[in-house]
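These protein sequences, in sequence, are chains A and B. Those letters in the first sequence? Residues 1 to 468, per our numbering, in order. Those letters in the second sequence? Residues 1 to 407, per our numbering, in order.
The set of hints was computed from the structure by calculation and includes no laboratory data. All figures in this text were calculated on a predicted structure; none of them were measured in a lab. Don't take every hint at face value.
Unchecked claim - Quick look at which bits of chain B chain A covers, simulated, 3 or more residues with Cβ under 8 Å:
hint, segment
1, 12–22
2, 46–59
3, 105–119
4, 157–164
5, 347–355
Claimed, not checked - Cross-link-like lysine to any residue pairs, in silico, SDA-like; alpha carbons within 25 Å at most:
hint, chain 1, residue 1, chain 2, residue 2
6, B, K74, A, G219
7, B, K74, A, L462
8, B, K74, B, E37
9, B, K74, A, D395
10, B, K74, A, E351
11, B, K74, A, G463
12, B, K74, A, V224
13, B, K74, A, S394
14, B, K74, A, D355
15, B, K74, A, L392
16, B, K74, B, S153
17, B, K74, A, G227
18, B, K244, B, P350
Glycine is no exception: its CB is placed at the ideal position from the N, C-alpha and C atoms.
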Amino acid sequence: MSGSAGREAPVAGREAPVAGRVLDALPTLLALVAEGSWVAVVYAFLRGAAQEEIELGLVVFAGFAGAGLLTGRALAPRLGARWPAAAVVAAGLATAAGWLSEPATWSALLSTAPMSALGANPGGWLTGLAFVRGLAYIRPPRAGGVVRSPMPIALPVIAVAFLVGGTIAEPGRSAFRDAALTSTVVFVASAMLAVALGRAGTLGRAGGFDWRSNPAWYGLLLLVVTGTLLVAVPASYAVGPVVVLVIAILPVPLFFVGLVVGFDRRLVKVLLVLVAVGAVLIVIFRLFSSGSVLPETGPAGQVPAQPPTPDWLIVTGGMLLLVLVAVTIGVLAAMWMRQAPQREDGDVAEERTVDRGMPGRSPGPRRSRFRLRRRGEPTDAPTAYLATLRELASDQELERHTDETPAEHARRLRTSGTGGRFGAAVDLLAADYELARFGASALTPGEHRRALARWRRVRALLGRAGSP
Amino acid sequence: MREVALGIALVVLASFLEVPAIILLGLVLVATGAVLEVWARRGLAGVEYRRHLPRQHAVVGDELPLDITVWNRKALPLAWLQAIDEADRRMVVRERDLAPEASGSFALRNAWTLAPYERVVRHFHIVAERRGVYVLGPARLEVGDLLARPAASETTPGTAGWIVRPRSVAVRMVVTERRWGGELRARRGLLDDPTRYAGVRPYQPGDPLRGIHWKATARLGRPVSKRFDPARQSEVVVALDIEKPGGPWRPGGEDDLVESLCVAAASLLRQLRGEGAAVGLAAAAYGGGSRPMAYVAPAGSEPQLGRCLDLLARLGPLPTASFERLLTGLVRTVRPGTSLVVLSARDPAPYLATLRRLERSGYPVRHLGFGPDAPALAARARAAAIESSPAQLDGPWRTATVLVVGP
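Pulled out of the complex, with its shape left as it was, chain A reads as follows (with noise of 0.2 Å):
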């Protein structure tokens, strides 16, 4: 064993008082995020398309969903039966609050035809519903709650409200775009963290482990989190254009390979698959968006007009958040795992040691088949049972006894918990020892082969692959 860092894991269930809180409280706490997120993509859109200013952003609804979660876990235990009845008047109150934040509701209902105001401010209306969402965390994940994830109902709605956001004319696509994006962003990033951290901490109050007390995965998480959309945001400005291109000219060098090669069925069928999606995008992209299909090119000498660029301003401003969030729970944790008390007596007794399995080595990519061969490795059936044996003798419970015969102690390692990873490695070659030793039978070059790979089988399970 090398490198050990041996340390007590923390025990889930009595962490520090704030760090520990705080974690616990993460992912629902990131939920909420996500939800308030693409409540405020429908939300742009409905502005967008209604051509007026987007006024309230993703902080606000969260805060709603928020407000749906305090509300439930302050009520729902109190009410009882009567919960659902108060529920829906707590959500029509959060949808009034939202739909009268904005001034023409007032004048319209002050106005000579006050029921021209339920149409006047379409967007208030989603508090209510980030609120009802909000309902839906209500049960703490001490408690049995679990964090679900928004995926599944926020990804269409987004989609269908970007594909539709298309058609809305400008400047109303163009404000729905530039504040939708940031929402989305958001909305993936805060979703993803959310369900994964929510998943491993019901995973383990289930199965008695914290996954505060690994840093290497939630530390890899965030950064493909935060990777992922670096990349991402960029990304999605620079592959539209490269994919739009590669998809129309495929056809063109697939059908020249077709006159070359011959057409074969199969490329006939690509080639109709090809043509049939892209008739398929040309219908759809008539008819949601004004734009042409190909890239728009302007009179001779003029620069092609640019794909819309976002607000890198508000971008790189999310990323930092997401970034920020990220060094947050890597510090929470870190002071957790400084501060959380000892194990008490009726908890499983754990020892955790980072073992890489040989001093001053990791098990690297395995070596060439055409090594020279070391000096006291075996060469045949018997010479490799017995160096089976070396290898085994060092482990109390592997090695063999005394008063065993060579099937008794394969027999053992079959049947026990530990030696069963062998298989019936060990028996086979017990087998063969037994029939060249005892039984004077030549063995074929094949199966003194198969010995030798069982040898270097079992050494690879034992953790030695590659030792002298």
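Take the given structure of chain A and dock chain B to it, following the hints.
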């Protein structure tokens, strides 16, 4: 792969529609799909799962340590790794309750979060509450990807097994000590046969002067005593009658009586072995093999008591044949002269004739009436000229400390 395909479709569609936000969603879907694929392919690679039981035998009331080790032998961290070990429903783990599975069986569930190359050892304690043979495993390993979604699973074939033997308590003979076999009870377990000289050994204080090998002592310069092979020991077979008093067993019912009988039989076997007798055991029940009769031939070797206790541990609660048939069959397998100790909790009337026949054939028989009606059962056997005594535990089988034999 569905996520990747959906992501690519979204990217292609959105590229034509010039909607970067949907391209973004498509790229995220492709990325998350790729992450799942990586963990699905590599998640369980290099994962080692081991159970370690330092010993395979326990006695009812013991705690058996069980170490479960997982080792993630690769650079990929695991959000979670879950091991679902199939377990006997009677098994009791002090630190964790067994979880019922959808298939109706029970399982020991464990989950870990594992950093690269991290090895975690969990120390459990198995409480041996009931005798029997227990097996833990095989285990189903499930692993989560970076986003903690289930990514891959596999079943590991290895199992860990252990035997819980019945308790044995002190045996108190209230009646005058009787001989079990054909010879007088000896204080020493093995009797030296002076006609079977087997060498010398260093002299020990207390060795008789007649036992000193003077020539060898003079040659070696230190006192040595003669050593002889042991004489043939008396052989005793305990015949255990697990039939219920007054009728057939109901599955799940009257378990305590069977357990009490096993404790009594284990105690008698230990007592007899301690007195130097070669002991054996017979019962009309499954003993772990395919034969309907459980039988260990009498022997005086060191591990013989363990063999008998193991058989008692494996003994099923339901009789597989009549006790009379078992006794009749013993004539074919046991040497004449072997003493039979019959331990029964029911009326001996159905098998008294068989016992008398055995005595006439040269098998000394001693009947031990067991249970609450032990004195009455013993009286009935004595009335039929069978040597008999009542045998009773001084409490429930879990807490009893003495087996009182007679009067």
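query: Taking only the CA atoms, is the gap from B:K74 to A:E351 under or equal to 25 Å?
result: 19 Å, holds
message: Checking one constraint from the list: CA of B:K74 to CA of A:L392, max 25 Å. Satisfied?
response: 23 Å, holds
query: For the pair supplied as a hint, B:K74 and A:G219, is the alpha-carbon distance within the 25 Å limit?
result: 17 Å, holds
query: Residue count check for the segment 347–355 of chain B against chain A: does it reach three with CB-CB under 8 Å?
result: It is violated, with 0 qualifying residues against the three required.
message: Please verify the coverage claim for the segment 46–59 of chain B: does it have three or more residues whose C-beta sits within 8 Å of some C-beta in chain A?
response: holds (count 6)
- request: Below or equal to 25 Å on CA atoms is what counts here, so check B:K244 against B:P350.
  value: Answer holds: B:K244 to B:P350 is near 13 Å, not above 25 Å.
- prompt: Given the hint that B:K74 pairs with A:L462, does the C-alpha gap stay at or below 25 Å?
  reply: 14 Å, holds
- request: Starting from B:K74, check that the Cα of B:S153 is at most 25 Å away, please.
  value: 17 Å, holds
query: Has the given pair, B:K74 with B:E37, been kept, meaning a C-alpha gap of at most 25 Å?
result: 16 Å, holds
- prompt: When you check the alpha-carbon spacing of B:K74 and A:D395, does it fall within 25 Å?
  reply: 22 Å, holds
field: Coverage of the segment 105–119 of chain B by chain A, judged on three or more residues with CB within 8 Å
entry: holds (count 11)
query: CA of B:K74 to CA of A:V224, is that 25 Å or under?
result: 18 Å, holds
This entry does not satisfy hint 5, going by the numbered hints stated previously; all others are met.
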